[in-house]
Amino acid sequence: MDYINAIVLLLNYIFVPALAYGSQLALGAIFVTLIYGILRFANFATGDMMSFGTMVTILFTWYFQSLGISLGILPTALIAIPFAIIFMVGYMLLIDKFVFKYYRISKSPPVQLAMVSIGVMFVTQAVVRIIIGPSDRRFFDGEKFLIKAGEFKEMTGLNEGLAIKSTQVITIIVTLILVSALFWFLNKTKTGKSMRAYSDNEDLALLSGIDPKKIVMITWIIAGVLATIGGALYGLDKSFKPFTYFNNMLPIFAAAIVGGIGNPFGAFLGGYVIAFSEILLTYAYKKFFMYLLPESLEPNTLVQLLSTDYKFAVSFSILVIVLLYRPSGIFKGKIL
Amino acid sequence: MRKNLNVIAAYTIMMGLIILVGIFQSWNIALSIFNLCLISAVMTIGANIQWGYAGLINFGIMGYTALGGLAAVLISVDPVQEAWSAGGSNILLSLLLIIGMVLAVRYVLKKYEKSKVRTYIIATIIIAGIIIIRFVSEPGIEAIEEVDPAKTGFLGGFGLPIIFSWIVGALFAGGLAFVIGKVALGLRADYLAIATLLISEIVIAIIKHEDWLTRGVKNVIGLKRPAPYEVNLQQTDWFINLVEKFNSSKLNLIRDLTERQSALNQFVIEGSSIFVKLCYSGLFLIVVIILLILTQKALYSPWGRMMRAIRDNEEAANAMGKNVVKQHLLIFVLGSAIVGIAGAMLVTQDGLFTPGSYRPMRYTFLIWVMVIVGGSGNNFGAILGGFVVWFLWIESAPIGLYLVNLTTAGLADTHFLKVHLIESVPYFRFLMMGIGLLLIMRYRPKGILPEKIEIK
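Protein chains in written order, with our numbering: chain A, 967 to 1302; chain B, -6 to 449.
You may find that some hints are simply not true.
As the list claims (entries may be wrong) - Using 25 Å as the maximum straight-line C-alpha spacing, the simulated BS3-like pairs for lysine-lysine come out as follows: (1) B:K319 x B:K175; (2) A:K1277 x B:K211; (3) B:K439 x A:K1063; (4) B:K445 x A:K1073; (5) A:K1073 x B:K439; (6) A:K1253 x A:K1119; (7) B:K411 x A:K1207; (8) A:K1207 x A:K1277; (9) A:K1073 x A:K1179.
Derived from the structure by calculation, the hints contain no laboratory data.
Throw the hints in and build the complete structure from the sequences for me.
Now the structure itself:
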């Protein structure tokens, strides 16, 4: 019985939250990696683009709520997301037309594009803060828990409860659907294949008649979809605050590089690598050992490798180690 | 003279703007803008010699600034004797252990050829070391943090004059840059940017949460000052006389004696804070001028030419026998050390150390905007960037308010749009910075005062 309790404990505090957080990071990381692979620059506006998408989602959610539309037990935001995506894609294409296109055509070095993306970051951040303000917003409605800790205890008769939030399930399911669709698109369709070719060798791709304008446009569209959904899922699960989104850019970068930048599948797994290591290294295992070990051996400290204050520092340290020992990432980047 | 006309013009306009603020808002505001402009200028000099001279991207400016601030605390605060006796020995022991660990790793690196076994040995040393250090330091840290946590709860510093921290801050930042440079400088430009950004976040996390060293988010307030205190000034005779002399024309207009006395008191209070700020301006100006002379000399020296050669074509410079790796490391350390000075200056001016306030927007990206807007590779340009951008950063709120009032003049004061916009005026500064950066990068990619290379 104690073993099962210990496992449920880990599931409740490590596995489920890490899986949800990892999915949110994974979407962002694929966004970063696609931009890097095809448009060839590190997009420092990632976090703020996600926060822009989330803001539009929230505005639509409020609008639908005021009209009385709802999905019952599911959050209203799910209906708002498609509308937000349309808006977001428009914003992305607008930015590309007025900002990034010029540098792409004049073949500027990647560093210059990265600097330009900092300008976009400033502007996007300002727009978000001017429209919705810098404070914390919750826009979740509907049923909060799929399984409550208390119900689970009653059902199984265990000491430890397992709580699964509906947002966590939604996050994981939506991520899986979205990512499978994306991989199917990249691997099976003609456009997807031409995108990979363009990423692999630009000149060769151009020679074989691939239209760069189309590739770039589709990249921004996919990026808009990923940014909106990734941001909205994070906001549903936790809460929406522009500053947190800006900060999330850092673990997202870490995930993309750990997985091998330019490699969407690596970025997908990288998200989970970062999320799991962050939570595994900062969790206090005292209770876990109390279940497993005989009383005489029970630990008297928290058995915590690092204090939770260092959550971000963990992912950055992993990134630094990966950069030093395997700069192309765990899954060999730069092949889309 | 003729060649430098645009430099002189740009600086004259800038000073004119600050003087206008002094006339229309208040001299207090103008001087605090000017002081922070000077500190920003030091930061941009640091960032500029990395990016402008050598083409190295360093997005870790925030980390070096914070380390400079930490130096100010460690140098100027009086030591907390109780904390030292409670946990000092544990901390010193862990420090020795860390040094031992580093030496062990170095020994392994030298002794063995590069192999998997070596990597494993190093990993074992580091992991075992961290566990032992935690065991040694934990009781000490707890004991230290329990010593009067509302006031101290940390080890304190050395109780020296805070000015020394400007040098120590440079050493701290340079030391960190040396470590980072050793491990990260081989990376490609955009990887280097991301790596330095993340490492600076780690530095901030440590400063924020190691309360025994920095008091963490509880902040350290009331640091010593290199300038006199306002309260003391207000009671000093020579200062009161000075203020009286300055304002004699205004004071003479007032006939009534008591009224005249109260007016004088008002002038003294105002004057004291201006006087203190002027003291800081003087100190900062000395630093900026010294750094400017040194960096100008360096730029036109053979060393500066070599740096530009490395920046423009690494392979060619390497083929000519220049040690690119070594020079990159050198300039990385130098630039970061200068940023460290700025960090210490900033804390000196504020008189308080707030680890929670170090955010990448303000301390990394804004500095980069300054360098790019001003003109990378040109010291005068970088300094001007610091002035222009900081001025706009502060004054964009009033400008934004004015613009909002102008555009919504047709709406009633209670209209929701107008109220909302007026509430969000503080965020117009991000908008201005972003648009400014984008416009400069598009239409004047070399900055306001571009780099000029004279070939003699």
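Verification of the supplied hints:
no.	hint	in the structure
1	B:K319 x B:K175	holds, 10 Å
2	A:K1277 x B:K211	holds, 20 Å
3	B:K439 x A:K1063	holds, 22 Å
4	B:K445 x A:K1073	holds, 24 Å
5	A:K1073 x B:K439	holds, 17 Å
6	A:K1253 x A:K1119	holds, 17 Å
7	B:K411 x A:K1207	holds, 23 Å
8	A:K1207 x A:K1277	holds, 18 Å
9	A:K1073 x A:K1179	holds, 14 Å
Consistency note: the structure conflicts with none of the earlier hints.
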